[in-house]
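> What follows is each chain in one-letter form.
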Amino acid sequence: MPKLTVEDLRQIKERTLQATALRHGEARVKITVHMGTCGIAAGARTVMTALMEELAEAGRTDIRVVTSGCMGMCSSEPNVTVEVLGEEPIVYQHMDANRMRQVFRRHILRGEVQTDFALAKM
Amino acid sequence: MRELSLHLLDLAENAVTAGARRVSITVEESPAEDRLTIRVADDGRGLPEEKLRRLEDPFVTTRTTRRVGLGLSLLAAAARRAGGALRVRSAPGEGTEVCAEFRFHHIDRAPLGDVPATIAVLIAGYPTVDFVYRHRIEEREIVLDTRELRAGGEGMDPADPAVADAVARWLRDRLRPPARSKEEDADAQADR
Ligand SMILES: Nc1ncnc2c1ncn2[C@@H]1O[C@H](COP(=O)(O)OP(=O)(O)OP(=O)(O)O)[C@@H](O)[C@H]1O
Ligand code: FES
Ligand SMILES: [Mg+2]
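Chains as they are written, first to last, in this note's numbering: chain X, 1 to 122; chain C, 1 to 192.
Read the hints as simulated data drawn from the structure, not as lab findings. Please note: incorrect hints may appear among the correct ones.
Said to hold, decoys possible - Capping the alpha-carbon separation at 16 Å, the derived lysine to aspartate or glutamate pairs in EDC-like fashion look like this:
(1) Lys3/X / Glu83/X
(2) Lys51/C / Glu97/C
(3) Lys3/X / Glu50/C
(4) Lys3/X / Glu94/C
(5) Lys30/X / Asp116/X
(6) Lys30/X / Asp62/X
(7) Lys3/X / Asp173/C
(8) Lys51/C / Glu3/C
(9) Lys3/X / Asp145/C
(10) Lys3/X / Glu141/C
(11) Lys3/X / Asp62/X
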């Protein structure tokens with residue numbers, strides 16, 4: 001019965017992406033993908049997958065990506081909340097993989113809030 | 001929901017919301033017995049008898065529209081449509097097990113979809129929760145336990161997106177049907 005071992009993982013990982021260093025200390029940015037039932041049905045998993053790819057590529061250790069439950073805004077799912085230290089949280093709505101990549105590259109990496117998809121400041 | 005793997009994500013989400021520290025996700029594919037089962041068990045706070053009964057009523061006994069939350073009713077409907085059923089076992093303080101059974105070959109059975117993507121998203125998204133994933137396809141079985149990976153040391157944090165991605169690749173690779181050997185091909189020919 002094949003079982004994934006740490007050794008397997010180390011090998012695949014070396015062949016693919018550089019691992020980010022472990023997240024010691026405080027994160028400067030936290031990105032939350034909301035995963036209630038309507039979020040998932042509307043594509044939240046694809047959004048999260050795209051975000052994980054972006055983060056792995058950027059290799060930044062001060063950015064944390066997490067998921068959480070529903071935030072009660074079904075009609076605008078998938079919703080993503082971006083919290084930058086010292087700034088007001090921004091909720092992005094109707095997200096998809098491309099919008100997520102754009103938000104990551106422009107807002108997270110360059111500090112330009114993407115007002116086209118931003119719901120409002122919370 | 002288009003894929004059963006999205007229901008799995010939704011069930012795991014319920015488990016984490018209920019305070020689970022360890023969540024096991026099981027998929028059993030038995031085409032020969034015309035059965036597909038998905039199961040999520042957790043060590044969360046569980047449900048009191050009273051609430052459990054209200055959960056089960058609408059989809060086990062009647063089809064009426066008593067709203068109990070979207071997730072479980074959608075899954076119950078998906079299972080029923082495909083000749084199966086949903087079962088929930090739970091006790092306060094002892095966790096919860098949700099099991100959905102489908103007829104494998106039923107025309108209305110939703111495809112399983114990308115289970116490795118669901119697993120990768122869960123282990124990256126909930127760094128403090130342990131996940132155990134078992135997937136059996138007839139006689140073949142694969143197992144993943146994030147607690148063992150975590151114990152593996154430096155640079156092996158399953159919540160690291162690069163690690164989660166490596167996990168998904170490994171899983172996809174193992175879930176692919178095995179290439180048949182020449183002898184097996186010859187056997188299959190002879191069987192015809
Ligand atoms: N694993 C679990 N442990 C404890 N309670 C659960 C679990 N799964 C479901 N429940 C209870 O059953 C209720 C209904 O679950 P269901 O998934 O159908 O809806 P929901 O999670 O409340 O909302 P939605 O799925 O629409 O986002 C939950 O609100 C919760 O009280
Ligand atoms: S899942 Fe419905 S609002 Fe989030
Ligand atoms: Mg739910």
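> Decide, hint by hint, whether the structure agrees.
Here is how each hint holds up against the structure:
no.	hint	result
1	Lys3/X / Glu83/X	37 Å, violated
2	Lys51/C / Glu97/C	14 Å, holds
3	Lys3/X / Glu50/C	39 Å, violated
4	Lys3/X / Glu94/C	28 Å, violated
5	Lys30/X / Asp116/X	20 Å, violated
6	Lys30/X / Asp62/X	9 Å, holds
7	Lys3/X / Asp173/C	12 Å, holds
8	Lys51/C / Glu3/C	27 Å, violated
9	Lys3/X / Asp145/C	9 Å, holds
10	Lys3/X / Glu141/C	9 Å, holds
11	Lys3/X / Asp62/X	32 Å, violated
Hint violations for this structure: numbers 1, 3, 4, 5, 8, 11, all remaining hints satisfied.
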